[in-house]
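Student: Single-letter residue listing:
Protein chains: 4
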Amino acid sequence: MNTYGTLFRITTFGESHGPSIGVVVDGCPAGLPVDEVFIQQELARRKPGQSKITTQRKEDDAFKILSGVFEGKTTGMPIALVIENQDQRSKDYSHVENVFRPSHADYTYEAKYGHRDHRGGGRSSARETAARVAAGAIAKLFLRSYGVTIQAFVSQVGDIKAAHYTTLDLSKTEDNIVRCPDATVADKMIELIDAVRLDRDTIGGLVTCVIKNTPVGLGEPVFDKLHAELGKAMLSINAVKGFEYGSGFEGITLRGSEHNDLFYTEEGQVRTKTNFSGGVQGGISNGEDIYFNVAFKPVATIMQDQETVDKDNNPAVVSGKGRHDPCVVPRAVPIVEAMAALVIADFVLRTRTSKL
Amino acid sequence: MNTYGTLFRITTFGESHGPSIGVVVDGCPAGLPVDEVFIQQELARRKPGQSKITTQRKEDDAFKILSGVFEGKTTGMPIALVIENQDQRSKDYSHVENVFRPSHADYTYEAKYGHRDHRGGGRSSARETAARVAAGAIAKLFLRSYGVTIQAFVSQVGDIKAAHYTTLDLSKTEDNIVRCPDATVADKMIELIDAVRLDRDTIGGLVTCVIKNTPVGLGEPVFDKLHAELGKAMLSINAVKGFEYGSGFEGITLRGSEHNDLFYTEEGQVRTKTNFSGGVQGGISNGEDIYFNVAFKPVATIMQDQETVDKDNNPAVVSGKGRHDPCVVPRAVPIVEAMAALVIADFVLRTRTSKL
Amino acid sequence: MNTYGTLFRITTFGESHGPSIGVVVDGCPAGLPVDEVFIQQELARRKPGQSKITTQRKEDDAFKILSGVFEGKTTGMPIALVIENQDQRSKDYSHVENVFRPSHADYTYEAKYGHRDHRGGGRSSARETAARVAAGAIAKLFLRSYGVTIQAFVSQVGDIKAAHYTTLDLSKTEDNIVRCPDATVADKMIELIDAVRLDRDTIGGLVTCVIKNTPVGLGEPVFDKLHAELGKAMLSINAVKGFEYGSGFEGITLRGSEHNDLFYTEEGQVRTKTNFSGGVQGGISNGEDIYFNVAFKPVATIMQDQETVDKDNNPAVVSGKGRHDPCVVPRAVPIVEAMAALVIADFVLRTRTSKL
Amino acid sequence: MNTYGTLFRITTFGESHGPSIGVVVDGCPAGLPVDEVFIQQELARRKPGQSKITTQRKEDDAFKILSGVFEGKTTGMPIALVIENQDQRSKDYSHVENVFRPSHADYTYEAKYGHRDHRGGGRSSARETAARVAAGAIAKLFLRSYGVTIQAFVSQVGDIKAAHYTTLDLSKTEDNIVRCPDATVADKMIELIDAVRLDRDTIGGLVTCVIKNTPVGLGEPVFDKLHAELGKAMLSINAVKGFEYGSGFEGITLRGSEHNDLFYTEEGQVRTKTNFSGGVQGGISNGEDIYFNVAFKPVATIMQDQETVDKDNNPAVVSGKGRHDPCVVPRAVPIVEAMAALVIADFVLRTRTSKL
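Chains as they are written, first to last, in our numbering: chain V, 1 to 356; chain X, 1 to 356; chain R, 1 to 356; chain L, 1 to 356.
Hints listed in this document are in silico derivations from the structure and should not be mistaken for laboratory results.
Honestly, I wouldn't trust all of these hints.
Because identical chains cannot be distinguished in the list, a pair is counted as satisfied if it fits within a single copy or across any two copies.
[Said to hold, decoys possible] The calculated lysine-lysine pairs, modelled on DSS-like cross-linking and capped at a C-alpha distance of 25 Å, are: (1) Lys311 to Lys64; (2) Lys91 to Lys52; (3) Lys172 to Lys355; (4) Lys73 to Lys91; (5) Lys311 to Lys172; (6) Lys91 to Lys64; (7) Lys212 to Lys355.
Okay, chain V solo, but in the shape it has when bound (with noise of 0.2 Å):
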């Protein structure tokens, strides 16, 4: 459904093309100051309309807190935090009320629920997004406390990537359009981008997210474990294919000889020298840098004619209209990082509970 998390808890709602979207934040502890200019920075990250390979919808993103903060610090009680549309085109969706475009979820929906909103994708719409990263600001305030960082950055455009991250300087991620700090690459992943959208076509990518300073200890077993938690939150987030964490796919293919991370002491603390385990064993974290991959496929929008069938079976023609992004990991980096920051925040509250 539309809630998210255990005991740091969010709740999402609105459509593309209603009045307003937001999210009410449950369970965010009292005394936390609120910073607004970074939730709106945050939201920024991920509006449309910023950069020539993103889309021209032009929303501002303008926030309003409704509950849950006083005097600029939270109470402990629900905050609720409201977002206007205000560049809906519904029209540009007209030749679409009856048709199902591929890949989209307007059949699933149709078939689901019977009744739907089909303008813009309605609650498919990724602009739903735009409440994760609200909330996911607030997290990350939360985790500051505690000195965790959440930094994700785009390493793949089509078949072109970039370095390991720890080769790279993270802080250098938002130094251009495209969200990669491996510099040698990013100028690159622009051109493709661009390229396929005059192609009128689209591309997936990959994120790659790295936390730092967690606490050991985070992750509840046997099902909540820690990674489990961040593939569920990374894999709910629109056109995400596949997730994995420390060694990955590639783990497949080692030796446990090789795979293994040995322990040593390091100023009294456990650590390992390699890090193949992603900083979570067990599913808790371990205290080592937690890396994940996030694969997004090609937006199913392209603007190009496709074949199709209507609700009453018939067989159609659609293309897209209005405006869409060629490739979605550039604006996915910061969801990506809010739904991080909400898995994090969420499990700092739960370890509170695991011993007397």
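Let chain V serve as the given structure and place chains X, R and L on it in line with the hints.
Tutor: For chains X, R and L alone, kept in the frame of chain V given last:
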């Protein structure tokens, strides 16, 4: 924690070397005939000692149902099912009571809980998955009435890969001990595992799972998307490092015009010409095959000396003793199926509420 | 926390003197016509200033739906509904910023959260219940299709009691401002409330609720029994001190031979001759009327000086200012109905899963 | 369903005449010494056959811990605890296989689930509460470290009432078989129960529960108020018809000026002069005694002929056979305590998250 599922819900318990492990299945609808022979067969597919390429621990995994079944049928009440541990050799673990085995959960459990059962990994042992397989067998029985079938198989060991599932006869999965229906590679996989075992080492692998005949409409966006729950369920299995569905990570390099699944109509049913979507669109099943891959790391226990530290932060050396799998994927096949069955059964129940 | 319900689920937010309050209704099945006039009518039954025996705060309680409704019908997506606060007079509360009002939540919120919105009780204000009434109105619309009716009324004010519900015409509840369908006592109740108000004091009361035409089978033992959920829902309403259903506390003095409800058959339907069970047996509805009583304490805010302490543990004196109800039950009637509707709607959905 | 609690969570299973009943306790913090003698003592207080005024069914209620405890202390893992059924006499129930016993759960279970274990009431039997008592004993052990004490007692049988708890020495509760610490009425209660039993009838009663030394701050408004959860927990116990806390139903007739609990300071601690609030204000504990009453109906099984219907809607006559309690409250005392302990333990854990 140790409960999974919303309406079809399981709670597992038990440690590797305690008196028994078990599961409570809650929410299974009343009136379902419980085929105990089938449950035992499923457990036999997972049990240790079943072939030369698995651990030689001997467990019958005979189960006993304590509740919830009357005159051979479910009553809608919680079904408790217990499996005794028989072949514990706890003294095989006395050497690791105070030493953290590399890439195991020893250190993180110690740090999180402060007090743990170290014998055989305690709760973090894959022995817990027997309870999942038993519960999954009940879910499979429930899904039979819907015609849903769930078939997993080993699709890769080390760098030896099977062909794509659409070209294989999945009914042949149980024809060999590695559970790979691609006869052209199964023997090579077995040889590789055997070679690795003789090297006192371990190797990773991949399990592919295919779900056929699912009703259209399973999945509860925006957070409980069908593939997001499948991902969490798979990532909660021991040793799993990655999950992808449909086109997965390969989708990164594709263009939208290649990747989109065009709709057409067949016998009054909306179908797609290709299935890069993996049977899930917008987080909801569309009636096509659901298929996904689950990456397993090489088993952490190797029969070689490895450097590590002990509880007091002193350097130590540890080597595997006892009986262990050189490669986890042959026995992981029924576990993957079980978790998939539990996810699908839960959504089948949840979907009953989506319309008036 | 601030979410209630399993499948038909609400999340409320907002403080008494913040910009607005609201609710997100998640899980309401798609295809339900949303009668906004009806929702407004329900809110009008709860709103302040509706008669001389309620608080004189003026709130239109005009609501706005932000999501989840398209072309007048639900889409299965979360329904966000916001009500602006208009007539806050926060300065009426400046005298209690640092002083704990007796029998209010001031002290416990301060102790638990450390930082709170003191204005008008903040989140602990009964203003929050407007959001429940709006959500309950949607639940009532859903239950209409099942023929379920939910009718609450004031059955006692101070020591003035109405007759048993089975002897009353519940359609007359709205005929007087105290919402008591027993015309023989309604005027006396109004007089008592008015007299108490002139005494600058407050008085307690009782609300009885009757639910007719519920399907047989609602309730999920052993913990989520129908009456247990009703009890929790009622006890979660501000100022409630007790809940009883069927024979309730009077059942203590009865013998089994008097209290048992004998079964008989009427038009092919199993019925009971008496209804001490209150329509619930073993935690599951049996098709008879469900009825229960909800006890409300006297409102804590009185227009008299009372001894108390301040944040610094110094003695203080506090007196009510602003606009308050001398007796809460007339306005509590729609709140009780709303919570009952939410519980019943949730169980209607949950019950769809009990059989194959 | 069959799971209760958010962080300190239990799942019970088992039927009256199945092989065993049991419970899984999940979320109990690690490091807690498990006093098995104490658990057995608690079970002994609830077990049948303990005195002449209880059922003569003979059950030792010996329990076995299957998991979650290592070297005498909890590990943070799920604690499974099983109790064998020994003295089932299922043939005592063959006469009600197809007949619905009045005011039992036979009819509603049949209608809801379609297939049920009729023997001894199956899952709806109060035998299930043994599992709750065992789990509650673990919760009590956890609460010991906080100094919290939970004491219930029989405060009324039929119309014989004990004095108010504040005038009684609750350590005397176990001094008599009816568990009433008021020596002036305990014998009368026993006589009444015995007389009722000789009449082949049953009688209702009241249990009062007092919780002392709770930390300030327990409870999670607006829905999970402390008293609301206590109410649900109590109402989930078999035969309970009502719940009230603090002033309860008597608060209806009081005025605010009488009912408000004035604050003062004692040794630096905020206290209230009276305690009509029952230790809970705004849904959160304030440090005063928490006290509440739980009303139990007369046991439905009476040794008299009663009219009813059978599965085929034919008229029938049924009379109690087997061994039953003439009054449930003496054995209900430890059950009420157990559920209270589980609620308080859960909130103790939840409260760890309310502030930064």
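Student: Hint by hint, note whether the structure agrees.
Tutor: Outcome of the hint check:
Proximity of lysine 311 and lysine 64 under a CA criterion of 25 Å is satisfied in neither setting, with 38 Å inside one chain copy and 31 Å between copies. When the C-alpha separation of lysine 91 and lysine 52 is checked against a cutoff of 25 Å, the pair qualifies only within one copy, where the shortest distance is 23 Å, while the shortest distance between copies is 50 Å. Taking the shortest Cα distances, lysine 172 and lysine 355 never come within 25 Å of each other, neither inside one copy (40 Å) nor across copies (34 Å). Proximity of lysine 73 and lysine 91 under a CA criterion of 25 Å is satisfied inter-copy only: 20 Å between copies versus 42 Å inside one chain copy.
Proximity of lysine 311 to lysine 172 under the C-alpha cut-off of 25 Å is found in neither arrangement, the shortest distances being 48 Å within a copy and 39 Å between copies. In this assembly of identical chains, lysine 91 and lysine 64 lie within 25 Å of each other by CA distance solely across copies; the values are 23 Å between and 27 Å within a copy. For the identical chains of this complex, lysine 212 and lysine 355 are neighbours both inside a copy (24 Å) and across copies (23 Å), given an alpha-carbon limit of 25 Å.
When held up to the earlier numbered hints, the structure conflicts with 1, 3 and 5 and fits the remainder.
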